[in-house]
Amino acid sequence: MSNRVADIQQILSTEDAEFRQWVEEHHACESRLSELASKPQVTIEEEMEEKTLKKRKLHLKDQMAARIRTYESSNSVA
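Counting from 1, one number per residue, gives the positions in the sequence shown under my numbering.
What the hints contain is simulated information worked out from the structure, not anything from laboratory work.
There may be inaccurate statements among the hints.
What the hints assert, rightly or not - Okay, derived cross-link-like pairs now, SDA-like style, lysine to any residue, Cα gap no bigger than 25 Å in a straight line:
hint, residue 1, residue 2
1, Lys51, Lys61
2, Lys51, Gln63
3, Lys39, Cys29
4, Lys51, Ser73
5, Lys51, Val23
6, Lys39, Asn75
7, Lys61, Ser38
8, Lys39, Glu49
9, Lys55, Asn75
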């Protein structure tokens, strides 16, 4: 991630409650996926949960990227 994108992400996390919620949920998905990955064996339910979490995490990442692009196009960022 470039410094510019990181700066925008920080600004949006401060100013945009929805963006902040996406970031928090993305981190929660990441944490749970790490927990599941560290298990020696997972149940079928956990496998399904893992697939769902990966899809949700990707969706959140796409939403955040779109919001960052919108911010970039509507604000001059040095």
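Hints versus structure:
For the proposed pair Lys51 and Lys61, the alpha carbon gap of about 15 Å is at most 25 Å, so the pair holds. Proposed proximity of Lys51 and Gln63 is supported: the alpha carbons are some 19 Å apart, at most 25 Å. A C-alpha spacing of about 16 Å is found between Lys39 and Cys29, which places the hinted pair at or below 25 Å, so the restraint holds. Distance restraint check for Lys51 and Ser73: the Cα-Cα separation of roughly 33 Å exceeds the 25 Å cut-off, and the hinted pair is therefore not satisfied.
Between Lys51 and Val23 the CA atoms are separated by roughly 19 Å; this keeps the pair inside 25 Å, and the hint holds. The hinted pair formed by Lys39 and Asn75 fails the criterion: a straight-line CA distance of about 44 Å is larger than 25 Å. A C-alpha spacing of about 23 Å is found between Lys61 and Ser38, which places the hinted pair at or below 25 Å, so the restraint holds. Among the hinted pairs, Lys39 with Glu49 is consistent with the structure: their alpha-carbon atoms are about 14 Å apart, no more than 25 Å.
Note on Lys55 and Asn75: the hinted pairing is violated, with a Cα-Cα distance of about 30 Å set against a maximum of 25 Å.
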